[in-house]
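2 protein chains.
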Amino acid sequence: MRGLLRATVHEAREHNERLVLATIYDGGQISRAEVARTTGLTRTTVSDVVDGLQRAGLVATIGRGPSTGGKAPILLSVPDRARLLVGVDLGDRVFSAAVVTLRGEIIHRVALPAEQTDGEDSVRLALDVIGKVVSAANGPLLGIGIAAPGLIDTTDGTVIQGVTRSWRQLPLGSLVADRFSLPVYVANDSQAAALGEHVFGSVRALNLVVIKVGVGISAGLILNGQLFGGDGFGAGEIGHTVMDPSAERCRCGRWGCLETFASTGAILARSSELLGRPITFDEAVAEFERGNSVVRSVVHDAATVLGVAVGGLIGLLHVRRIVLAGPMAVFGDPWLGAVQTAARARALGVLADDTVFTISKMDDLVMLGASALLMTHELGLQLRPSM
Amino acid sequence: MRGLLRATVHEAREHNERLVLATIYDGGQISRAEVARTTGLTRTTVSDVVDGLQRAGLVATIGRGPSTGGKAPILLSVPDRARLLVGVDLGDRVFSAAVVTLRGEIIHRVALPAEQTDGEDSVRLALDVIGKVVSAANGPLLGIGIAAPGLIDTTDGTVIQGVTRSWRQLPLGSLVADRFSLPVYVANDSQAAALGEHVFGSVRALNLVVIKVGVGISAGLILNGQLFGGDGFGAGEIGHTVMDPSAERCRCGRWGCLETFASTGAILARSSELLGRPITFDEAVAEFERGNSVVRSVVHDAATVLGVAVGGLIGLLHVRRIVLAGPMAVFGDPWLGAVQTAARARALGVLADDTVFTISKMDDLVMLGASALLMTHELGLQLRPSM
Numbered sequence: 003m004r005g006l007l008r009a010t011v012h013e014a015r016e017h018n019e020r021l022v023l024a025t026i027y028d029g030g031q032i033s034r035a036e037v038a039r040t041t042g043l044t045r046t047t048v049s050d051v052v053d054g055l056q057r058a059g060l061v062a063t064i065g066r067g068p069s070t071g072g073k074a075p076i077l078l079s080v081p082d083r084a085r086l087l088v089g090v091d092l093g094d095r096v097f098s099a100a101v102v103t104l105r106g107e108i109i110h111r112v113a114l115p116a117e118q119t120d121g122e123d124s125v126r127l128a129l130d131v132i133g134k135v136v137s138a139a140n141g142p143l144l145g146i147g148i149a150a151p152g153l154i155d156t157t158d159g160t161v162i163q164g165v166t167r168s169w170r171q172l173p174l175g176s177l178v179a180d181r182f183s184l185p186v187y188v189a190n191d192s193q194a195a196a197l198g199e200h201v202f203g204s205v206r207a208l209n210l211v212v213i214k215v216g217v218g219i220s221a222g223l224i225l226n227g228q229l230f231g232g233d234g235f236g237a238g239e240i241g242h243t244v245m246d247p248s249a250e251r252c253r254c255g256r257w258g259c260l261e262t263f264a265s266t267g268a269i270l271a272r273s274s275e276l277l278g279r280p281i282t283f284d285e286a287v288a289e290f291e292r293g294n295s296v297v298r299s300v301v302h303d304a305a306t307v308l309g310v311a312v313g314g315l316i317g318l319l320h321v322r323r324i325v326l327a328g329p330m331a332v333f334g335d336p337w338l339g340a341v342q343t344a345a346r347a348r349a350l351g352v353l354a355d356d357t358v359f360t361i362s363k364m365d366d367l368v369m370l371g372a373s374a375l376l377m378t379h380e381l382g383l384q385l386r387p388s389m
Numbered sequence: 003m004r005g006l007l008r009a010t011v012h013e014a015r016e017h018n019e020r021l022v023l024a025t026i027y028d029g030g031q032i033s034r035a036e037v038a039r040t041t042g043l044t045r046t047t048v049s050d051v052v053d054g055l056q057r058a059g060l061v062a063t064i065g066r067g068p069s070t071g072g073k074a075p076i077l078l079s080v081p082d083r084a085r086l087l088v089g090v091d092l093g094d095r096v097f098s099a100a101v102v103t104l105r106g107e108i109i110h111r112v113a114l115p116a117e118q119t120d121g122e123d124s125v126r127l128a129l130d131v132i133g134k135v136v137s138a139a140n141g142p143l144l145g146i147g148i149a150a151p152g153l154i155d156t157t158d159g160t161v162i163q164g165v166t167r168s169w170r171q172l173p174l175g176s177l178v179a180d181r182f183s184l185p186v187y188v189a190n191d192s193q194a195a196a197l198g199e200h201v202f203g204s205v206r207a208l209n210l211v212v213i214k215v216g217v218g219i220s221a222g223l224i225l226n227g228q229l230f231g232g233d234g235f236g237a238g239e240i241g242h243t244v245m246d247p248s249a250e251r252c253r254c255g256r257w258g259c260l261e262t263f264a265s266t267g268a269i270l271a272r273s274s275e276l277l278g279r280p281i282t283f284d285e286a287v288a289e290f291e292r293g294n295s296v297v298r299s300v301v302h303d304a305a306t307v308l309g310v311a312v313g314g315l316i317g318l319l320h321v322r323r324i325v326l327a328g329p330m331a332v333f334g335d336p337w338l339g340a341v342q343t344a345a346r347a348r349a350l351g352v353l354a355d356d357t358v359f360t361i362s363k364m365d366d367l368v369m370l371g372a373s374a375l376l377m378t379h380e381l382g383l384q385l386r387p388s389m
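Respectively, the protein sequence lines represent chains A and B.
One gets the working numbering by counting positions in the first sequence from 1 and adding 2 to each.
One gets the working numbering by counting positions in the second sequence from 1 and adding 2 to each.
Check before you lean on any hint, since a few could be wrong.
[What the hints assert, rightly or not] Stretch-level coverage of chain A by chain B, calculated; a stretch enters the list once three of its residues show a Cβ under 8 Å from a Cβ in chain B:
1. 215-229
2. 234-240
3. 320-326
4. 348-358
[As the list claims (entries may be wrong)] Listed below are several chain B residues computed to face chain A (Cβ distance under 7 Å; list not exhaustive):
5. D233
6. E239
7. G317
8. V321
Because the hints were derived from the structure by calculation, they are not lab data.
Note that beta-carbon positions come from the ideal geometry of N, C-alpha and C, so glycine has one too.
Chain A with its partners taken away, still in its complex shape (with noise of 0.2 Å):
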């Protein structure tokens, strides 16, 4: 939620009216009293902001709740469908997009195979997609948020430079808002990964890091319950990081990147190496359940040096919380195990001791943060954290 840097009256009641509806969002049924003790407004200030909220469909009543001694109180609640919000994720292979309610429950989806288009087809099949779910919503559309890899300016929704295509500073934010008429949001997909979890996940962690691990890899970082995205918006980006820089060239033009240790790509050449023969993803996935020792060890080998990376993160920022996604985390605990061994071996223990090492449980992470994205710009609502 936004600061009151300007506190004009006008911001005073936007704070407010956020504030009275994030309580009630988070309280799931609450009344206005309950409202007033929350967020220590006065009570004409709550009954206020409440009818607004009311007229605008964003706050309905649901009966009563018990009494304690006088009249039983009204209940208050956000309806999961008071809004309907966009997600789109434009992946490197497909680009998906759906309709999600204020609870992040997908309502509607459409995906479109992505994986050779680049330029303005890239852009046109994006504007497809987002129609198809645009078109086929029913009910009052808050807006739409996308995410996407590669360096994004989430203040103007500026791709600045992508990975797998060669969008270079593509106004993707506003080709999307001049075509839908919507307000829309765009953020790299890690990062809309980490927002995801934190807004929608089952985390609730004032300090959070989310994980892709795929064919790329990149962090997510939840700070102070914010998004945090460094000067540039490229915080997370560790991917690209060097690990070691006698070992092998990576696509980006330097040696020894995490990815070349610890990315899909990584364990598949690795493995096709040491069998002797091309393997994919799938079968790759078969042999490690199958307990192929060699694939076993080669998904252990990238886990660790991944689990190093982490390690220097937790001694930077001493975050409790890392959630690890992506298509590495099929590998499931195994590969989680030996990541939290590394980590640990690697960060001062008073700092490592208490981290909670998890994988999503959430499908669909990327689509429901650039969803989240939206959600918590244009309204301000997430779950409290827990101290």
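Guided by the hints, dock chain B onto chain A, whose structure is given.
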């Protein structure tokens, strides 16, 4: 500055007071009309708040500015000595304390040797050094800010775990507050250094990392204009991140921590070994300046490993301002240059190309940082970062 999470009338007033005070502090000399424009508050609110601040002696009028047609406006400022700060640096070798103005000027200082003290003796010595400056202060004291090495709970001023001293769960903040009946804030020394650079230094950046390199190595992180401590106050404790587990044993019990490569102790051990005789730090500095190739190469190697760690930090946070400080900074530009080269070689170009590396120009950085800790908490004062 604290966000207005609970917008009660009382807190709104306190918020406005802090906003107006910070605007006048930051402006240097500023009229009421300009304060209203900058803050977005009404002229009436600004006048009310300024009256209160004048009665409290925090704001003074300093004559009239140039007329822009009508009556020449009265200019306001925050007098440098409107309140006095006590800043304390409980270092490994020396306990220092000073009376500091609101602009970070030291007007009285005391330093006592503390190398051999521990336990109750060291607490007594700390109270002693603080008492000397408190009684010498010639003006209204705002409170006491304290910095010490180790893991420190900044919310209640408890030293959770010291470094060279055996402090464990030491309620330093409340011991000092009880003795002097003043507000007291305590933070880790590197975190204080970062705040000192942010509040009193020349770098007006929203994100800033200060890395102190001496016997120990640790960083202080200013993220989004705030000191970031992580989930357990340990953010920035990079000195015991393992860089190479096959390397030398560290005092922490593990092998190959950053400190074993890049600290003052590391370069002394390595130089002594290569020179075949024990060498002190002052001798090493003299040999370095004379161009001794052994010492120069040892310092270069130490800087390179530090640069690897800094490269990881940039890759994770995309922070563009890196300030180096502490005893190792005496090796100046050659050392700084080697850190920079190694950091740039390790992080993705698009992230590291714009990063500015400097050595802190502030003497007494930790002590001034402790004063800044007090000032930001009690008055919300700091220079506005340029964006």
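**OP:** Identify every previously stated hint that the structure contradicts and give their numbers, smallest first.
**Re:** Those not satisfied: there are none.
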